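Trainee: Going line by line, the protein sequences match chains P and G. Per our numbering, the first sequence starts with residue 312, numbered consecutively. Per our numbering, the second sequence starts with residue 69, numbered consecutively.
In short, the hints are calculated from the structure, not lab data. Check the hints yourself; a few may be wrong.
[Unchecked claim] What follows is a set of in silico ranges between Cβ atoms, one per label pair, in the way DEER data are often shown: (1) Arg935/P with Asn293/G: 33 to 41 Å; (2) Asn293/G with Glu516/P: 53 to 61 Å; (3) Val170/G with Ile421/P: 39 to 47 Å.
This structure is a prediction, so every number in the text was calculated from the model and none was measured. Even for Gly, the Cβ is constructed at its ideal location relative to N, Cα and C.
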Amino acid sequence: MVFWLPMKKFYVFTLLLFSSTHLSFGQSKKVYEGNYIYLGKSGEASFEFILNSDFEQIKDGRFYFQFEDRKDNGKSEFFKRSYSGFFSADSREGDWEIEEENLFVKISDIIDLKVNTSLSGIQTKILASYKAGLPEGSWTFQKRLIEDGQVNQSIQSDRIFFKKGKLANRLEFRISNGKSVQFAKGEVQDEGVMSGEWTLVYLSEDRLVNEVRNYENGFLLGLVKRDLKTGEILDEAVFFDTIEKLNLIRQGSQAGFRIADEYFGLEYADGFLSSDSLAQIQKDGNDFLKSFLGDLLAHDPNFIDQNGNVIFYPIHTRRMVYELSRSDQKMVEEMPHRYEQLKDLFEKQLNDPAFRLNRFQNDSLALAYRFFEVQNKKLEKLKELVELIKTKQIQYYDLNGFAGFVSAIFVEKEEVLVKVDEKEKAFSFQYPKRDFETDFYSAFQLSLEDIRAKADQFLAYSGKTLTVLRENEELLGLSKSLDLKRMEVLELYEDSSGENALVEALKERFLVQQMELEEMTLAKIEGFEKKKVYYQRIELLLDSMKEIYGQLGIWTNQEEELDRIYLEEIFNPFTYTKYNQRVKPRLFESYELLFSHYLTSFSEETDYTNLKVWISKAEKLGERIRKLRNEDTRKLEKSLNKAKTISKLESLLGL
Amino acid sequence: MGFLLKYKWIVLLSFFVLVAGNNTMAQSEVAPPPAKTNLPATTELWNGFYLKLRFSDRWWWYQENHYRRRNSLDNRSDFVGRMSQFYNRFGLTYMFTDRFEVTFGPTLVWNYSPDPENPEFVNSVMEPRFWHQWLFTDNVGRVKVLHQFRFEHRFKRDNDIGAEYKFTNRWRYKITAYIPLNKPKMENHTLFLAPSNEFFFESGRHVQNIFEENRVYTAIGYTHNQLMLFGGHMWTYGPTSTPGTYRNRHIIRLNVMYNFDLRGKRKPITRDFQY
Numbered sequence: 312m313v314f315w316l317p318m319k320k321f322y323v324f325t326l327l328l329f330s331s332t333h334l335s336f337g338q339s340k341k342v343y344e345g346n347y348i349y350l351g352k353s354g355e356a357s358f359e360f361i362l363n364s365d366f367e368q369i370k371d372g373r374f375y376f377q378f379e380d381r382k383d384n385g386k387s388e389f390f391k392r393s394y395s396g397f398f399s400a401d402s403r404e405g406d407w408e409i410e411e412e413n414l415f416v417k418i419s420d421i422i423d424l425k426v427n428t429s430l431s432g433i434q435t436k437i438l439a440s441y442k443a444g445l446p447e448g449s450w451t452f453q454k455r456l457i458e459d460g461q462v463n464q465s466i467q468s469d470r471i472f473f474k475k476g477k478l479a480n481r482l483e484f485r486i487s488n489g490k491s492v493q494f495a496k497g498e499v500q501d502e503g504v505m506s507g508e509w510t511l512v513y514l515s516e517d518r519l520v521n522e523v524r525n526y527e528n529g530f531l532l533g534l535v536k537r538d539l540k541t542g543e544i545l546d547e548a549v550f551f552d553t554i555e556k557l558n559l560i561r562q563g564s565q566a567g568f569r570i571a572d573e574y575f576g577l578e579y580a581d582g583f584l585s586s587d588s589l590a591q592i593q594k595d596g597n598d599f600l601k602s603f604l605g606d607l608l609a610h611d612p613n614f615i616d617q618n619g620n621v622i623f624y625p626i627h628t629r630r631m632v633y634e635l636s637r638s639d640q641k642m643v644e645e646m647p648h649r650y651e652q653l654k655d656l657f658e659k660q661l662n663d664p665a666f667r668l669n670r671f672q673n674d675s676l677a678l679a680y681r682f683f684e685v686q687n688k689k690l691e692k693l694k695e696l697v698e699l700i701k702t703k704q705i706q707y708y709d710l711n712g713f714a715g716f717v718s719a720i721f722v723e724k725e726e727v728l729v730k731v732d733e734k735e736k737a738f739s740f741q742y743p744k745r746d747f748e749t750d751f752y753s754a755f756q757l758s759l760e761d762i763r764a765k766a767d768q769f770l771a772y773s774g775k776t777l778t779v780l781r782e783n784e785e786l787l788g789l790s791k792s793l794d795l796k797r798m799e800v801l802e803l804y805e806d807s808s809g810e811n812a813l814v815e816a817l818k819e820r821f822l823v824q825q826m827e828l829e830e831m832t833l834a835k836i837e838g839f840e841k842k843k844v845y846y847q848r849i850e851l852l853l854d855s856m857k858e859i860y861g862q863l864g865i866w867t868n869q870e871e872e873l874d875r876i877y878l879e880e881i882f883n884p885f886t887y888t889k890y891n892q893r894v895k896p897r898l899f900e901s902y903e904l905l906f907s908h909y910l911t912s913f914s915e916e917t918d919y920t921n922l923k924v925w926i927s928k929a930e931k932l933g934e935r936i937r938k939l940r941n942e943d944t945r946k947l948e949k950s951l952n953k954a955k956t957i958s959k960l961e962s963l964l965g966l
Numbered sequence: 069m070g071f072l073l074k075y076k077w078i079v080l081l082s083f084f085v086l087v088a089g090n091n092t093m094a095q096s097e098v099a100p101p102p103a104k105t106n107l108p109a110t111t112e113l114w115n116g117f118y119l120k121l122r123f124s125d126r127w128w129w130y131q132e133n134h135y136r137r138r139n140s141l142d143n144r145s146d147f148v149g150r151m152s153q154f155y156n157r158f159g160l161t162y163m164f165t166d167r168f169e170v171t172f173g174p175t176l177v178w179n180y181s182p183d184p185e186n187p188e189f190v191n192s193v194m195e196p197r198f199w200h201q202w203l204f205t206d207n208v209g210r211v212k213v214l215h216q217f218r219f220e221h222r223f224k225r226d227n228d229i230g231a232e233y234k235f236t237n238r239w240r241y242k243i244t245a246y247i248p249l250n251k252p253k254m255e256n257h258t259l260f261l262a263p264s265n266e267f268f269f270e271s272g273r274h275v276q277n278i279f280e281e282n283r284v285y286t287a288i289g290y291t292h293n294q295l296m297l298f299g300g301h302m303w304t305y306g307p308t309s310t311p312g313t314y315r316n317r318h319i320i321r322l323n324v325m326y327n328f329d330l331r332g333k334r335k336p337i338t339r340d341f342q343y
């Protein structure tokens with residue numbers, strides 16, 4: 312007993328010790344194998360994981376995922392993607408291998424029980440390296456485009472280096488297809504900043520372009536594009552403003568700007584918008600780089616969104632940041648709001664059916680509508696610039712570059728042309744001169760206010776005038792439905808894409824000119840009942856034009872059909888030859904004469920109510936000629952020989 | 069007699085040896101070929117009417133009627149001085165395809181006296197024939213080419229009073245080309261050239277020279293609906309019954325061809341057809 316107690320304690324202690332050690336080893340990794348969704352794809356995975364304090368799975372250790380898909384739609388499509396690597400605390404770590412295959416097999420023929428197939432598709436392989444979830448170290452990339460079982464094009468690079476998720480040292484890749492080689496190479500500083508000379512060779516409009524860019528610490532200084540074959544310079548740009556600013560910074564004499572701490576995308580900009588030539592010249596080369604980087608990063612969650620689209624590139628340019636005074640900062644906050652208010656105002660006015668339909672009621676309404684149209688177009692041109700202001704990105708742009716652009720929009724004297732009663736009148740507007748070079752934001756804001764002031768004057772008048780109409784709900788409803796109908800019928804006629812001259816002529820004559828006349832007349836009508844009747848008249852015009860569109864086929868289809876019916880095949884038994892010959896030639900000639908007369912009258916008709924008459928005549932003529940094909944028409948043909956006029960022909964044919 | 073019957077084989081053998089010996093002896097005496105003589109050219113005028121009636125998709129009635137004259141005895145160049153032949157050919161044609169047909173039927177020819185004033189000649193003698201032909205057609209670009217193989221089995225006699233009928237077989241091959249001039253192919257209202265050449269071969273017990281005649285014909289024609297007008301100059305060359313003597317003739321031919329479809333109203337068919 313005395314012995315036992317100490318022993319008992321020993322055993323209990325030992326038991327506790329082992330239990331505790333077992334508890335501490337309870338964080339050992341588990342393995343999951345089975346269905347899994349990874350980066351938006353549902354497949355099979357096998358990986359190690361641990362559970363955190365909330366019992367959530369944290370991937371930690373080896374990881375393997377594979378997704379396969381197969382479709383059969385005329386050709387068999389095979390899709391396979393696999394990821395193999397390691398996780399540490401739910402972040403990618405170490406070496407990773409990513410493979411993707413998207414292959415198509417098409418059966419082209421079966422000869423002597425042998426199946427001839429054609430294989431095409433894409434194969435991609437990426438060897439990546441991570442540290443704490445970010446790309447780190449050397450990567451290799453290979454992509455092969457296969458056509459008819461042969462490798463048609465290959466893209467590869469073993470010179471991709473990352474540091475903390477950004478490109479480092481240099482980037483180099485090649486695309487070869489047996490006929491030509493495209494490539495890109497350039498240096499990258501810390502944080503993925505482009506530096507030094509970048510050389511790109513890419514295909515543009517079926518020719519190889521050699522583009523050389525010169526960067527200094529992320530600032531683009533110059534760019535030259537040459538035709539690689541002929542050496543001809545296709546385009547070039549020197550960013551003089553940037554060079555001057557960098558010189559000032561080097562001398563320490565810059566004022567009002569410095570190099571921004573942030574990093575920016577491939578598109579270099581400093582005081583010019585995306586439509587400017589200095590921005591456009593970069594586009595082809597940037598697209599070439601993005602295409603490669605997009606393929607490289609398509610499987611990395613750091614760079615893609617939930618739909619698998621690349622939204623962030625690990626390569627950067629730099630920009631200057633410009634000082635904003637307190638008053639400027641305030642205007643930057645307010646200006647987008649004022650812009651949007653003004654834009655909404657104009658769009659509301661222009662889309663008001665009552666305003667649009669009645670704009671020709673008098674000069675002032677017509678002028679007001681036209682004024683809103685002109686100002687709306689001006690604001691549209693400023694959209695990109697205002698967006699920069701709204702997002703505060705404007706601080707990275709040299710406003711001196713925009714002064715000229717904005718001045719050309721906010722002019723001092725403006726002429727607006729207005730069509731009233733089929734005559735065009737010109738109206739001039741004066742605006743105060745604003746100095747965009749000295750005080751950009753102030754001048755911009757004031758210009759918006761100038762436009763607003765004028766707009767308010769027009770609104771006061773048009774609002775009052777249109778109130779009567781707006782208040783009358785029935786007319787408003789008619790306006791809306793007429794407007795819808797007008798759009799619907801216009802869309803029908805515009806579907807002809809300008810190829811059918813007859814359709815174009817009808818559209819112009821009735822849906823544009825006639826409609827305009829009707830709207831002008833409508834605008835002048837006083838009194839609800841009379842206006843209503845006129846709305847219905849316009850509706851009738853639109854309904855008629857819609858119906859006529861559906862019947863236009865008669866002008867082509869009928870002639871073809873009857874030409875075919877009135878031909879027969881003749882065999883000459885002496886020369887042993889066959890040829891087509893017109894049956895009842897005189898009867899058919901009469902048909903052609905009448906048909907041509909109806910078509911000409913139809914195309915020249917100015918009264919839309921008569922259009923159906925010509926169509927109906929053509930239909931009756933076709934029916935009659937069709938019927939006469941198999942009848943005895945000898946007497947009729949003799950009479951047709953003597954007929955000289957359209958009316959006589961119609962009478963003889965019983966039309 | 070008993071001796072002949074007993075030794076009939078020896079007798080027969082001896083007879084054959086004698087006959088053969090005679091023949092060989094006769095053949096050993098080969099006469100030298102006569103010198104070639106070309107007779108002066110003569111002239112003729114042939115007027116023909118050709119008719120083809122279609123009474124089903126494949127069956128046709130074929131007919132030719134010719135009125136032929138030749139030069140006078142004392143004027144070789146007058147073309148029409150004497151009556152030559154009244155010639156009528158009839159037949160049924162089966163058209164296998166547009167490119168191959170077969171025709172067969174009778175021919176009745178009246179051959180007129182070479183010298184109407186001469187009482188030693190019968191004015192006209194009849195020459196009946198049975199004939200059949202194969203006709204193949206082909207295209208070379210826009211030109212139509214016809215290959216006509218015609219065979220005639222005829223009973224013919226001279227106009228001499230008391231002359232007997234002799235049976236001969238005749239093989240003829242004619243190649244004709246139809247070349248359209250004013251249209252891209254042979255169709256309606258087409259002016260065309262139609263050169264042709266025909267070889268005549270003859271065989272029979274009485275025939276010494278298998279080659280009978282060659283006819284070269286250059287014609288011009290025009291198609292107008294169901295009618296075809298066709299005419300031109302033909303030159304013939306061939307041996308006469310006198311060995312070594314050849315004759316040649318210049319013949320003006322004027323033809324009218326007419327075809328008619330008896331099948332009733334044709335339904336309009338327009339399809340891609342081979343020329």
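Trainee: Each hint: holds or not?
Mentor: So, going through the hints one by one against the coordinates:
1. Arg935/P with Asn293/G: 33 to 41 Å: violated (27 Å)
2. Asn293/G with Glu516/P: 53 to 61 Å: holds (59 Å)
3. Val170/G with Ile421/P: 39 to 47 Å: holds (43 Å)
Checked against the numbered hints given earlier, this structure breaks only hint 1.
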